[in-house]
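Chemist: Sequence order for the protein chains is D and L. The opening residue of the first sequence carries number 231 in my numbering; numbering runs sequentially from there. The opening residue of the second sequence carries number 816 in my numbering; numbering runs sequentially from there.
Source of the hints: derived by calculation from the structure; they are not laboratory data. Computed from a predicted structure; not experimentally measured. Ideal placement from N, C-alpha and C gives every residue a C-beta, glycine not left out. Don't take every hint at face value.
[Unchecked claim] Covered stretches of chain D, as calculated for chain L (at least 3 residues, CB under 8 Å):
1. 266-279
2. 306-312
3. 324-338
[As the list claims (entries may be wrong)] Only some residues are given here: those of chain L computed to face chain D with a beta carbon under 10 Å:
4. Glu847
5. Thr848
6. Arg850
7. Gly939
8. Asp989
9. Trp1013
10. Ala1015
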Amino acid sequence: MKALIPVLIGLFAVTAQAATPNEILAGYRAEAAKNNPRYQSSAELGAQLYRHSFGVSAKMPSCSSCHGDDPARGGSHVVTGKAIQPLAPAANAERFSDPAKVEKWFRRNCGEVLGRECSATEKADFITFVMRGR
Amino acid sequence: MNRILVWDWPVRIGHWLLAGAFVLAWLTGDSETWRLVHVWAGGAVVGVVLFRLLWGLVGTRYARFASFVRGPGAVKAYFLGLFRHTLAEQPGHNPAGGWAIVALLSLGLLSGASGWLIYQDIGGEWLEELHETLASTMLAMVIVHVIGVLTGSLAHGENLVRAMFTGMKRGDADAAIAGARPLAVPLLLTCAATCAWWLAR
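Can you make the complete structure from the sequences, with help from the hints?
Modeler: Right, dumping it as structure tokens:
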């Protein structure tokens, strides 16, 4: 066990990369542009995605089910009732500051709410909306 | 040789409760829909481990840490014996299995504690990474444990999985434990249920 500790510490030092929301957004935009060179991320489409009721999960049909209608105000987990801090970077500086964390939560939550992975286009629209606010 | 009782009721029920709760927690770990079940299962893991730590001090003969936590020399001798087919039968845990238990109990406690901190919104992403690493290490340890049990079963010609249900193994009559201690089972269940409830608050 003792030998594991420095390995674990090293692992976390490597995995936690700092980035700004704009850098993370730029990454998804660039990826989306590979399929459509004229692609511009849209806060409107992001807002639709955020509030759309996908009907895949009965308890959490949309992103807003847990994150709240206004991403700057936060919400509460529909299953546990625990408070969820705002998604908007303007209201919560921790948001969209770690690319690995962003990717992990898109993977998990898109899988559960949309029943599939989100595309780079959807991720870029989503972040554009969340950065703009409602 | 006779069939004798070596695993008391709290050891057996605690074992399968821990196994079931860990599997449930593992399966629900990536889901928000099952978040409460995940937290309850993790709490039950912690409850069983806490009870087991106490039982390792006051339980029956082979349940006690003093009977199975052995030095590296004993572990080495055990593996050498395993390869040379010169193993003496032993009623309780073998030295390698003893360390697997210590590792599993520690990992259960640490993953539960880190999970609780995350659930209280303390720590942030690095703690989630730590929680996942601990849980993955625990799964790896479970696999090592299962391989060890199967290898041990073959090496000793005794079904060790069945022994964890019945509590019975081959052995001399004077190696048997004094009793099955059914009265400690409610304490075990209370401990598991209390931790499950408390962690999910």
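Chemist: Are the hints correct? Go through all of them and say.
Modeler: For each hint, the structure was consulted:
no.: 1; hint: 266-279; result: violated (count 0)
no.: 2; hint: 306-312; result: holds (count 4)
no.: 3; hint: 324-338; result: holds (count 4)
no.: 4; hint: Glu847; result: 6 Å, holds
no.: 5; hint: Thr848; result: 6 Å, holds
no.: 6; hint: Arg850; result: 5 Å, holds
no.: 7; hint: Gly939; result: 7 Å, holds
no.: 8; hint: Asp989; result: 36 Å, violated
no.: 9; hint: Trp1013; result: 14 Å, violated
no.: 10; hint: Ala1015; result: 8 Å, holds
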